[in-house]
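Trainee: Read off the chains here:
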Amino acid sequence: AQSVTQPDIHITVSEGASLELRCNYSYGATPYLFWYVQSPGQGLQLLLKYFSGDTLVQGIKGFEAEFKRSQSSFNLRKPSVHWSDAAEYFCAVASRGNQAGTALIFGKGTTLSVSS
Amino acid sequence: EPEVTQTPSHQVTQMGQEVILRCVPISNHLYFYWYRQILGQKVEFLVSFYNNEISEKSEIFDDQFSVERPDGSNFTLKIRSTKLEDSAMYFCASMGSSPSGEKLFFGSGTQLSVL
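As they're listed, the protein sequences go chains A and B. Going by the working numbering, the residue at position 44 of the first sequence is 44; the numbering climbs one at a time, nothing skipped. Going by the working numbering, the residue at position 16 of the second sequence is 1016; the numbering climbs one at a time, nothing skipped.
Because the hints were derived from the structure by calculation, they are not lab data. All figures in this text were calculated on a predicted structure; none of them were measured in a lab. Don't take each hint at face value.
[To be verified] Simulated coverage check for chain B against chain A, where a stretch passes if three residues somewhere in it have a Cβ under 8 Å from a Cβ of chain A:
hint: 1; segment: 1025-1039
hint: 2; segment: 1044-1054
hint: 3; segment: 1104-1112
Backbone N, C-alpha and C fix where the C-beta goes; we use that ideal spot for every residue, glycine too.
This is chain B alone, in the form it adopts within the complex:
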C-alpha cells in the first residue's frame, strides 16, 4: 500500500525558533492536510491544501503557521516562532479526491517538542 512519509520522526526545538516539518504525500494525490494531536487529546485539523493554495484552515492555524508545496513531491508545515503549546504530534495526510472514492492516508507523524 502507498505511504505518506514524514520527516523527522522527532524534533526538539527551543521556544521562539522556527521549525519546518516535512511530508511526502502519495504521488498522485491532490489534497494535502496537516493535523496535530496534543498528548492525550484528540486529533485536530489544521489546514488543507489543494492546487497550490490553502482550501480550508482551522482556528489553530494562525499567522505563525504556513504551508508550502515547494516542488512536486514535498509538502511542508512551517511554524515561524514556536511556543510551548505547539508541542504535539503533527500528522500529514493526503487524499486523491473525495472520501467516497479514496481514503485519507496518514503519515506516522512528527513529534515536536518545544522547550
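In isolation and in its complexed conformation, chain A is listed as follows:
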C-alpha cells in the first residue's frame, strides 16, 4: 500500500539558516508527490508537486524539493528560512498516480519552528 513517512516530528531552525525536511514514500509505480504547508488555524496550501521530468522541483515561497527514486525520497529544502515559515509541513503521495480524482495519502507532518 502507498505510504509516506516523515521521520522528523519537530525541527527547529534559526532564521536565515537552511532547511531540509525529509520525506520517504512507498509506491509501486511512478509516484506523484506533493508538499503542503499548514499554518495554525489554516487549511493546507500546496508548496510544490512532482510528476515527472526534472527531479528538482521549484515551488512557492522559495521552497524546492528533490525526487530521488533510488532513495524513495522527496526532501523539501529552503536555503534561508524566514520566521514566517514556521508551520506544519506535510508530504503526500497520490494514491492512484495521475488518475483523475486520486486521493492523497499524507505523512504525519513535520512541525517547523524558527528561532531568532
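Once you've looked at the hints, dock chain B against the given chain A.
Mentor: Coordinates of chain B only, in the frame set by chain A:
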C-alpha cells in the same frame, strides 16, 4: 485564487448526535474529498466523490459516515451518531481533474468537538 468554503468553522456537539459538515467546492471542479486531522496527528483521507457517487473511501469511513452533493454547489459530510473519537478538524477539498493538470484545493476546515 478560487477557494473551497467550509461551514461552520467550529462545531460542538454531544456524543450520539448527528452532525452535518458543509462545503462549497470550487464551481467547475469534478472531484470532491473529505479529509480529517485529529489533533497532533496526520491528515487522513476519508472519502472521494465523483459523478454523484463515492469513488474511493478509507477504512475510517464506516457506516456512520455519509456524503452527499444535494445540489450543484454543496458537498456535505454527515456523521450519523458522533463519538468522542470523531473530534477532529475536517477538511473538504476539490480537484478539477488529475493532479498533473490541477492541484487539490483545500478548505480551511471545520473543527468538530464531540463532548
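Trainee: For each hint, tell me whether it holds in the structure or not.
Mentor: Now for the hints, and whether the structure bears them out:
1. 1025-1039: Three-residue rule met by the segment 1025-1039 of chain B, so holds; n is 4.
2. 1044-1054: Answer holds; 4 residues pass the 8 Å Cβ test.
3. 1104-1112: Three-residue rule met by the segment 1104-1112 of chain B, so holds; n is 5.
When held up to the earlier numbered hints, the structure conflicts with none and fits them all.
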